[in-house]
Amino acid sequence: MDTSRTQTARRARDPLLAKTLVTAAALVTTLLSVSVADAATLRLAYDSAVGTAASLDPISPNRYYLANELVYSRLVMPDAAGKPAPDLATSWSASPDLKAWTFKLRDGVKFHDGSDLTADDVVYSLLRTKSSVLKSPLGSVLSIIDTVTADDPHTVTVKLTSAFADLPLLLMDYRARILSAKAEKGNLDAVNDTGIGTGPFTVGKYDPQGTTVFKAFDGYFGGKPKLDEVDVFDIADQQAQVQAMLSGQIDYVQTIDQQQSKLFADAGKFKVFSVPTGGWQAIVMMLNAAPFTDVRVAKALRMAVDRQAMLNLLVGKDGGTVSCDNPVWAGDPYYAPASCPQDIAGAKQLLAQAGHPDGIDVELFTSDLNNLWIKMAQIYQQQVAPAGIRVKITQVPSADYNNYYWMHKPLTQTAWGQRPADQILNEAYQSSATWNESAFKNKQFDDLLAKARATADFDARKAIYGQLQQMLWDQGGTFIPFHTNQISVVSTKVTGLPEASLETVHWNEVALAN
Amino acid sequence: MLVLIVRRLILAALTLVLTSIIATIVVQALPGDACTAYLGRYIEPGALAQCRGQLGLDHPLAERYLDWVAGLARGDLGMSLSTRRPAIELIGPRVQNSFLLGGVSALIGLPLAVGLGVLAATRRDRLADLLASGLSMAAMAMPEFVTGTLLIFVFAIWLGLLPAVTLVSSNATVMDLLPYIILPVLTLVVVLIAHILRVTRANVIDQLESEHAEFARLRGVGGWRLLWRHVLPGALPATINLCALTLAWLLCGVVVVERVFNYPGLGTLMIEAISNRDLPVVLEATMVFAGTYILANLAADLATIALDPRLRRSGSGW
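These protein sequences, in sequence, are chains A and B. Counting from 1, one number per residue, gives the positions in the first sequence under my numbering. Counting from 1, one number per residue, gives the positions in the second sequence under my numbering.
The set of hints was computed from the structure by calculation and includes no laboratory data. All values reported here derive from a predicted model rather than from experimental measurement. Mixed in with the good hints, there may be bad ones.
[Said to hold, decoys possible] Counterexamples of contact, computed for chain B against chain A with all Cβ distances above 10 Å: (1) 13; (2) 14; (3) 30; (4) 96; (5) 210; (6) 227; (7) 232; (8) 259; (9) 267; (10) 300.
[Unchecked claim] Label pairs and their calculated CB-CB ranges: (11) A:454 x B:63: 51 to 59 Å; (12) A:514 x B:146: 52 to 60 Å; (13) A:382 x B:123: 53 to 61 Å; (14) A:223 x B:54: 39 to 47 Å; (15) B:84 x A:223: 58 to 66 Å; (16) B:84 x A:204: 17 to 25 Å.
Yeah, the Cβ is synthetic: ideal placement off N, Cα and C, and Gly gets one too.
Next comes chain A alone, as it looks inside the complex (with noise of 0.2 Å):
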């Protein structure tokens, strides 16, 4: 009794702070404490990355990327192995020319506000990509497609401007969903960010700087969601989501680095992914600039580079694939696979040929709007030094980078998400495509593109497309040292998420354990 009164009457002398703190911490407690009672939520953190723009829009610029996975369904998306499997689409088959696709409906699908999915909702979503107006990226990937029309209430034709035998892997992307087309009462060109779609969860509040609420939806056809409601914080920093997730705040968080990684060792609490992506960071040299302009100098500055040695000082052993300047992954069907180690005598000896007996000095641009660029450049410019190529590096403002230098300065960098190999050899090295950053114009690529596209064989495809990544690595100008790992981190209470790309996974199965 005497005791206890004087270690309050001590405790009333510490500063006033400790025992607001004690006060708080208690009321915190119990606050979070009823939180945690609604054991079915699923929290997330996501960085919109742009901010007040995020739209709901799949196929926006700025569409808000979780959304996108919970709210909508694609014709066909991704199974375990990368290859198309069904989603809205049950079957779906080629003309014999290749140019016309015929997908047919699963019957019974409802969108979120309860009306039935139709062939028409599928014309419309399809068609929009192709509005002026919207200029959606996915755009150009669709853009082969010519015309899409219902031929009855569950069956699609789509037909296209050439002959191509992959289609599905191009309507796999994660920005192709099927949105309602009586939102927008069938206006191509209307923004549709309502939210509706026809995946396992609604769009409960749209909060893309504090928290969205993805409330699940009881009619979805894949059946009912194991959990209630998916919630997504805003949470910018990095590392302020690794502090959350250690926290217990939130159950998974994307991407953390290697180093972060080890933060996850408790392995009761978490689990650590390092999943293989198609993801890449690279250096260009622009092939209409000199010195540029001869492939061998080209080429010398791609061989000179060790590159697991990079990747382990970039990422750690196990966070990528070495590739051979290959923008195709090794995990996709058509990749080629390919041995390059380092040759400086071999680099030394194609610029001597293209005449730079002295070596060669360059200049690469560089910023810091992607994490691995200026390590990966001053890497670089360690590395190709013993075969005389002189790198100057200049660090440029990164809201400038895009604008500025990328596509404008002979030497820069770049980093690209994952695409299927059609998809990536078509929008960064087909001789018109947008995007061709390195100015890589090579008319029997060209041909030999589209040729793969409008062969029906499988393996006879493959070959040619094989035939292209060799062709790249001849004569390319982008310097791929490997592709990147994403680790991620999820609790242990949360099953049904697999070790793989979350396009892969089918949100309705995951569930919390208790």
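Using the hints, position chain B against chain A.
Coordinates of chain B only, in the frame set by chain A:
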């Protein structure tokens, strides 16, 4: 006194106008505009022209600025160029949040800092002084993000008592925010205490060693009376000015602390608005910043005048 206040307010209005013009010119001078920021890497010439037309960026800068001023006069903050929604929806909650965090930190931190400073000065070179001075030096040497991360580690991850980062909706009420501001407030208090404590201590020591304090002591004045009547009136003005600037700094959102705790404050909004080239939002945030600093300074000057009878009589100074 009243004349002084009126004069100062007129001057404040002029300062605001000038600040807004400078901010407009600076944002314009940055490369790119709201449309290049919005479209990012996916720019096609047609899209750019169209976007500029939609946002009115094809009008001259002076015209857009005057439109903004006219809107402000009607109480209309205009549209945010990045969200294309009323700017007030962005600014309003952030002002509330920053004022809550900064206000609570100031309420706790400023009296504590001044009090400890006086204590350290009167107990010069004794244990209390050594502790206060030593700890404040340590706190001062540590950047906010280290202090914040350390506090998160101890109270959120290790003890599990408090939430690590702020997870609220963007129109969160004060009650929603309360559990989340404890660690950021603690961080800010630790950061601000050090500086003010040291300045207060130095000023009080100066005054204690001054001739008039010595004279008072010779007359037999001592203890609290000496401190209250002879030392503090001379020591506090400099401290008050520092407190005013600190208060303004706190109210306008401390970006580093906001980032560490994911706190939705004005500082983060300002940075986002600048990178989005969102001129109306940048201007309005600037107005809040400038206004807060002006008012804090005015309050400090008035307090100084109240403390110093000489200034009270002259009445002619700005």
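Residue 84 of chain B paired with residue 204 of chain A, Cβ distance criterion 17 to 25 Å: holds, 23 Å
Quick one: are residue 223 of chain A and residue 54 of chain B within 39 to 47 Å, going by C-beta? holds, 42 Å
Would residue 267 of chain B pass as off the interface with chain A, using Cβ distances and a cut of 10 Å? It holds; residue 267 of chain B is separated from chain A by about 12 Å at its closest Cβ, greater than 10 Å.
Satisfaction of the hinted span 58 to 66 Å by the C-beta atoms belonging to residue 84 of chain B and residue 223 of chain A: violated, 38 Å
Would you assess whether residue 227 of chain B, listed as outside the interface, keeps its beta-carbon beyond 10 Å of every beta-carbon in chain A? holds, 21 Å
Minimum Cβ distance from residue 300 of chain B to chain A greater than 10 Å, as the annotation requires: For residue 300 of chain B, whose nearest Cβ neighbour in chain A is about 24 Å away, the distance exceeds 10 Å, so it holds.
Please settle this one: residue 210 of chain B was flagged as non-interface, so is its CB more than 10 Å from every CB on chain A? Correct as stated: the minimum Cβ-Cβ distance to chain A is 30 Å, above 10 Å.
Minimum Cβ-Cβ distance from residue 232 of chain B to chain A exceeds 10 Å: Non-interface label on residue 232 of chain B holds, nearest chain A Cβ at 21 Å vs cutoff 10 Å.
Beyond 10 Å from each Cβ of chain A, as asserted for residue 14 of chain B: Correct as stated: the minimum Cβ-Cβ distance to chain A is 31 Å, above 10 Å.
Exclusion check [residue 30 of chain B not at the chain A interface, CB over 10 Å]: violated, 7 Å
Cβ separation check - residue 96 of chain B to all of chain A, threshold 10 Å: holds, 13 Å
Hey, does residue 259 of chain B actually stay past 10 Å from chain A on C-beta? violated, 5 Å
The earlier numbered hints that this structure contradicts are 3, 8, 12, 15.
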